[in-house]
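Colleague: The sequence shown begins at 20 in the numbering used here and counts up by one.
It should be emphasised that the hints constitute simulated quantities derived from the structure, not laboratory data. Please note: incorrect hints may appear among the correct ones.
Unchecked claim - Computed cross-link-like contacts, DSSO-like style, restricted to lysine-lysine with a CA-CA straight-line distance of at most 30 Å:
{"id": "1", "residue 1": "Lys48", "residue 2": "Lys73"}
{"id": "2", "residue 1": "Lys151", "residue 2": "Lys121"}
{"id": "3", "residue 1": "Lys93", "residue 2": "Lys50"}
{"id": "4", "residue 1": "Lys73", "residue 2": "Lys160"}
{"id": "5", "residue 1": "Lys90", "residue 2": "Lys73"}
{"id": "6", "residue 1": "Lys127", "residue 2": "Lys50"}
{"id": "7", "residue 1": "Lys50", "residue 2": "Lys112"}
{"id": "8", "residue 1": "Lys90", "residue 2": "Lys112"}
{"id": "9", "residue 1": "Lys151", "residue 2": "Lys90"}
{"id": "10", "residue 1": "Lys129", "residue 2": "Lys160"}
{"id": "11", "residue 1": "Lys127", "residue 2": "Lys151"}
{"id": "12", "residue 1": "Lys90", "residue 2": "Lys50"}
{"id": "13", "residue 1": "Lys160", "residue 2": "Lys93"}
{"id": "14", "residue 1": "Lys48", "residue 2": "Lys112"}
{"id": "15", "residue 1": "Lys48", "residue 2": "Lys151"}
{"id": "16", "residue 1": "Lys129", "residue 2": "Lys112"}
{"id": "17", "residue 1": "Lys194", "residue 2": "Lys160"}
{"id": "18", "residue 1": "Lys50", "residue 2": "Lys73"}
{"id": "19", "residue 1": "Lys93", "residue 2": "Lys112"}
{"id": "20", "residue 1": "Lys127", "residue 2": "Lys93"}
{"id": "21", "residue 1": "Lys151", "residue 2": "Lys112"}
{"id": "22", "residue 1": "Lys127", "residue 2": "Lys112"}
{"id": "23", "residue 1": "Lys73", "residue 2": "Lys194"}
{"id": "24", "residue 1": "Lys194", "residue 2": "Lys121"}
{"id": "25", "residue 1": "Lys48", "residue 2": "Lys90"}
{"id": "26", "residue 1": "Lys48", "residue 2": "Lys160"}
{"id": "27", "residue 1": "Lys129", "residue 2": "Lys50"}
What the hints assert, rightly or not - Per label pair, the in silico range of CB-to-CB distance:
{"id": "28", "residue 1": "Ser49", "residue 2": "Tyr166", "range": "26 to 36 Å"}
{"id": "29", "residue 1": "Gln47", "residue 2": "Lys93", "range": "21 to 31 Å"}
{"id": "30", "residue 1": "Gln124", "residue 2": "Arg36", "range": "30 to 40 Å"}
{"id": "31", "residue 1": "Val157", "residue 2": "Arg36", "range": "39 to 49 Å"}
{"id": "32", "residue 1": "Gln124", "residue 2": "Lys151", "range": "10 to 20 Å"}
{"id": "33", "residue 1": "Ser164", "residue 2": "Gln47", "range": "42 to 52 Å"}
{"id": "34", "residue 1": "Arg165", "residue 2": "Ser49", "range": "12 to 22 Å"}
{"id": "35", "residue 1": "Lys129", "residue 2": "Leu31", "range": "44 to 54 Å"}
Quick reminder that beta carbons are idealized off the backbone N, C-alpha and C, glycines included.
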Amino acid sequence: AYFYQGSVYRDLQDAPRAIVALQRAADQKSKNDTLNGRIYGQLASLFAYQGAYKESREAVRNACVYYIRCKDYKGLAYSYRDMARMFDVEGRKDSAEFYYRKAYQLMKEKSEPRWAYGILSEFSSFYSNWGKPDSATVLAKAVLSRYAYPVAQLVLAETYYRQQAFDSAQVYCRKV
Numbered sequence: 020a021y022f023y024q025g026s027v028y029r030d031l032q033d034a035p036r037a038i039v040a041l042q043r044a045a046d047q048k049s050k051n052d053t054l055n056g057r058i059y060g061q062l063a064s065l066f067a068y069q070g071a072y073k074e075s076r077e078a079v080r081n082a083c084v085y086y087i088r089c090k091d092y093k094g095l096a097y098s099y100r101d102m103a104r105m106f107d108v109e110g111r112k113d114s115a116e117f118y119y120r121k122a123y124q125l126m127k128e129k130s131e132p133r134w135a136y137g138i139l140s141e142f143s144s145f146y147s148n149w150g151k152p153d154s155a156t157v158l159a160k161a162v163l164s165r166y167a168y169p170v171a172q173l174v175l176a177e178t179y180y181r182q183q184a185f186d187s188a189q190v191y192c193r194k195v
């Protein structure tokens, strides 16, 4: 019940109440490891949005423990992706790169490839923002060879624009 209450407060954009409810849910220590992983995953997201990265990383670590126990590889991969996002925001690019790669590999090997390419799409955007256009282009093209993710299309549009290949940039802008 506390998990659902926290989810409702999150949807209402009431982070303080959502955090209190989710912490109550976490204190209950459910016998369902998947549920525990989701509780901590939501706490991690809420803390990150509040700029409380230390607390967010701790919540992600707890989520990972539960996801590993119940072999929820999708949840674990998304937790790694969330960890990558936090390191990126903190300017710890090497750590972010490590966790994006880990999230993509795990999702690709143990879960649904479509979701893996969603992570790879975000990874390409990370490289673009980091100033690594060659890596961003390789990943974006790999994504677009399988799925039409708008983030990957936008990465190529931005890359081509920076290279002053305006016709190619325009093509990808239209696709986005």
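Colleague: All the hints need checking, so say for each whether the structure fits it.
Modeller: Hint by hint, here is what the structure shows:
1. Lys48 / Lys73: holds (22 Å)
2. Lys151 / Lys121: holds (19 Å)
3. Lys93 / Lys50: Given that 30 Å is the threshold and the Cα spacing comes to 20 Å, the pair holds.
4. Lys73 / Lys160: Roughly 34 Å between the alpha carbons, so the hint for lysine 73 and lysine 160 is violated.
5. Lys90 / Lys73: The given pair, whose Cα atoms are some 25 Å apart, holds under the 30 Å limit.
6. Lys127 / Lys50: holds (28 Å)
7. Lys50 / Lys112: violated (36 Å)
8. Lys90 / Lys112: Distance of about 28 Å is within 30 Å: holds.
9. Lys151 / Lys90: violated (34 Å)
10. Lys129 / Lys160: Holds - the C-alpha atoms of lysine 160 and lysine 129 are around 23 Å apart, at most 30 Å.
11. Lys127 / Lys151: Holds: lysine 127 and lysine 151 sit about 23 Å apart, inside 30 Å.
12. Lys90 / Lys50: Distance of about 15 Å is within 30 Å: holds.
13. Lys160 / Lys93: Holds, because 23 Å separates the two Cα atoms, which is no more than 30 Å.
14. Lys48 / Lys112: violated (34 Å)
15. Lys48 / Lys151: Cα-Cα ~43 Å, so violated.
16. Lys129 / Lys112: holds (25 Å)
17. Lys194 / Lys160: holds (14 Å)
18. Lys50 / Lys73: The given pair, whose Cα atoms are some 26 Å apart, holds under the 30 Å limit.
19. Lys93 / Lys112: holds (23 Å)
20. Lys127 / Lys93: With Cα atoms ~10 Å apart, lysine 127 and lysine 93 stay inside 30 Å; holds.
21. Lys151 / Lys112: holds (11 Å)
22. Lys127 / Lys112: Holds. Lysine 127 to lysine 112 sits at ~22 Å (cutoff 30 Å).
23. Lys73 / Lys194: Since the Cα atoms of lysine 73 and lysine 194 sit roughly 38 Å apart, the hinted pair is violated (cutoff 30 Å).
24. Lys194 / Lys121: holds (29 Å)
25. Lys48 / Lys90: Satisfied, since the Cα-Cα distance of roughly 18 Å is no more than 30 Å.
26. Lys48 / Lys160: Violated, because 43 Å separates the two Cα atoms, which is more than 30 Å.
27. Lys129 / Lys50: holds (24 Å)
28. Ser49 / Tyr166: 26 to 36 Å: holds (35 Å)
29. Gln47 / Lys93: 21 to 31 Å: holds (23 Å)
30. Gln124 / Arg36: 30 to 40 Å: holds (37 Å)
31. Val157 / Arg36: 39 to 49 Å: holds (43 Å)
32. Gln124 / Lys151: 10 to 20 Å: The hint (10 to 20 Å, Cβ to Cβ) holds, given that glutamine 124 and lysine 151 are roughly 19 Å apart.
33. Ser164 / Gln47: 42 to 52 Å: holds (45 Å)
34. Arg165 / Ser49: 12 to 22 Å: violated (36 Å)
35. Lys129 / Leu31: 44 to 54 Å: About 34 Å separates the Cβ atoms of lysine 129 and leucine 31, which means 44 to 54 Å is violated.
This entry does not satisfy hints 4, 7, 9, 14, 15, 23, 26, 34 and 35, going by the numbered hints stated previously.
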